[in-house]
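One-letter residues, chain by chain:
2 protein chains.
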Amino acid sequence: MQRTDFSQANCPIARTLDLVGEWWSLLIIREAFLGITRYDDFQRRLGISRNALTDRLKKLVDGGVLARQPVAEGARREEYVLTKMGDDLVTVVVAMLQWGDRWLILPGEPLSRMVETATGHAVATLEVTSNDGRPLGRAELGLAGASGHAGSAAQSEQRRA
Amino acid sequence: MQRTDFSQANCPIARTLDLVGEWWSLLIIREAFLGITRYDDFQRRLGISRNALTDRLKKLVDGGVLARQPVAEGARREEYVLTKMGDDLVTVVVAMLQWGDRWLILPGEPLSRMVETATGHAVATLEVTSNDGRPLGRAELGLAGASGHAGSAAQSEQRRA
Numbered sequence: 069m070q071r072t073d074f075s076q077a078n079c080p081i082a083r084t085l086d087l088v089g090e091w092w093s094l095l096i097i098r099e100a101f102l103g104i105t106r107y108d109d110f111q112r113r114l115g116i117s118r119n120a121l122t123d124r125l126k127k128l129v130d131g132g133v134l135a136r137q138p139v140a141e142g143a144r145r146e147e148y149v150l151t152k153m154g155d156d157l158v159t160v161v162v163a164m165l166q167w168g169d170r171w172l173i174l175p176g177e178p179l180s181r182m183v184e185t186a187t188g189h190a191v192a193t194l195e196v197t198s199n200d201g202r203p204l205g206r207a208e209l210g211l212a213g214a215s216g217h218a219g220s221a222a223q224s225e226q227r228r229a
Numbered sequence: 069m070q071r072t073d074f075s076q077a078n079c080p081i082a083r084t085l086d087l088v089g090e091w092w093s094l095l096i097i098r099e100a101f102l103g104i105t106r107y108d109d110f111q112r113r114l115g116i117s118r119n120a121l122t123d124r125l126k127k128l129v130d131g132g133v134l135a136r137q138p139v140a141e142g143a144r145r146e147e148y149v150l151t152k153m154g155d156d157l158v159t160v161v162v163a164m165l166q167w168g169d170r171w172l173i174l175p176g177e178p179l180s181r182m183v184e185t186a187t188g189h190a191v192a193t194l195e196v197t198s199n200d201g202r203p204l205g206r207a208e209l210g211l212a213g214a215s216g217h218a219g220s221a222a223q224s225e226q227r228r229a
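Line order of the protein sequences matches chains A and B. Residues in the first sequence are numbered consecutively from 69, following our numbering. Residues in the second sequence are numbered consecutively from 69, following our numbering.
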């Protein structure tokens with residue numbers, strides 16, 4: 069049996085990185101989650117060059133993460149809004165935010181939290197669980213890919229032996 | 069009131085991207101989750117240049133995501149293993165994997181799933197919920213940052229007005 073192998077071409081993680089896994093792109097998405105929609109606002113808040121911003125916005129629109137729409141009916145000026153596909157990146161954004169808060173924020177620095185606006189309470193910590201809700205540690209997890217074989221690290225070592 | 073504002077310097081998402089949000093770095097982490105530990109195995113599987121791989125591994129070790137350790141007690145050869153901090157990236161990896169499967173895999177292409185090795189069952193779909201388990205959509209979410217103000221898109225527009 070072969071170790072689970074994702075070629076760059078068909079791995080959903082690699083494809084996700086291709087589309088949104090680039091520093092500026094993910095910061096643009098972060099701003100979009102904060103409600104930013106205007107080109108000039110993205111530009112000013114991120115301090116990104118116009119060339120770079122235009123390039124990243126085009127890629128995100130072409131990829132279906134953002135949509136361009138008139139700021140008002142009949143208006144010529146356009147804004148950029150998250151599509152349903154873009155909205156669905158919320159788990160990626162929250163996973164990064166929570167991990168960063170846990171590991172990269174120094175004692176005394178303020179934490180950043182995703183909150184439910186209605187209550188002001190922080191959202192629950194994302195956790196990988198089984199379908200019946202048991203928390204799963206990394207040692208209990210494996211990837212089942214194109215080959216259909218699930219493999220944990222330990223099993224792969226055995227297979228290779 | 070000000071719109072919630074993360075400078076690049078203190079945003080946990082930006083910090084996370086700085087450390088692991090780079091195409092090769094996240095693919096190295098993906099391979100580490102699959103059980104890859106040896107330099108040559110990373111190199112061969114990713115088809116990455118040795119310069120680029122050495123650079124990325126150093127950054128991940130310096131940042132605390134991977135640790136170098138002898139392959140066996142007293143051995144000179146070293147391997148790279150995920151630290152606890154690295155293990156904890158599982159939510160980021162699973163969020164990207166599940167999003168990629170939902171949005172970037174074409175009909176007929178095989179899905180890639182994170183599974184519980186013991187049962188072979190796919191892990192639960194990550195979902196942003198309140199602490200009492202209610203699923204929350206993007207419109208119900210805001211970010212509370214350094215300023216302590218939570219802001220949704222709609223509220224921010226009101227504040228600006």
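Among these hints, one or two may not hold up.
It does not matter which identical chain is used: a pair holds within one copy or between any two.
For lysine to aspartate or glutamate, the following DMTMM-like pairs were computed, each having C-alpha atoms within a straight-line distance of at most 25 Å [as the list claims (entries may be wrong)]:
| id | residue 1 | residue 2 |
| --- | --- | --- |
| 1 | K126 | D86 |
| 2 | K126 | E195 |
| 3 | K152 | E208 |
| 4 | K127 | E177 |
| 5 | K126 | E90 |
| 6 | K127 | D200 |
| 7 | K152 | E177 |
| 8 | K127 | D86 |
Don't read these hints as lab results, they were simulated from the structure.
With identical chains treated as interchangeable, where does the CA-CA distance between K126 and E90 reach 25 Å or less: within a copy, between copies, both, or neither? Classified as both; 14 Å inside a copy, 20 Å across copies.
Checking an output row: K126 and D86, CA cutoff 25 Å. Within, between, both or neither? both (14 Å within a copy, 23 Å between copies)
When no copy is specified for K127 and D86, does a C-alpha distance of 25 Å or less occur within a copy, between copies, both, or neither? Cα proximity of K127 and D86: in one copy and across copies (10 Å, 21 Å).
Treating 25 Å as the Cα threshold, decide for K152 and E208: within, between, both or neither. Intra 32 Å, inter 14 Å, cutoff 25 Å: inter-copy only.
How do K152 and E177 come out at 25 Å by Cα distance, when the copy is not named: within, between, both, or neither? The answer is between: 22 Å across copies meets 25 Å, while 33 Å in one copy does not.
Is it within, between, both or neither when you check K127 against E177 at 25 Å Cα-Cα? between (34 Å within a copy, 23 Å between copies)
How would you classify K127 and D200 at a CA-CA limit of 25 Å: within, between, both, or neither? neither (38 Å within a copy, 37 Å between copies)
With 25 Å as the alpha-carbon cut-off, assign the pair K126 and E195 to within, between, both or neither. Result: close neither inside a copy nor across copies, 33 Å intra and 28 Å inter.
This entry does not satisfy hints 2 and 6, going by the numbered hints stated previously.
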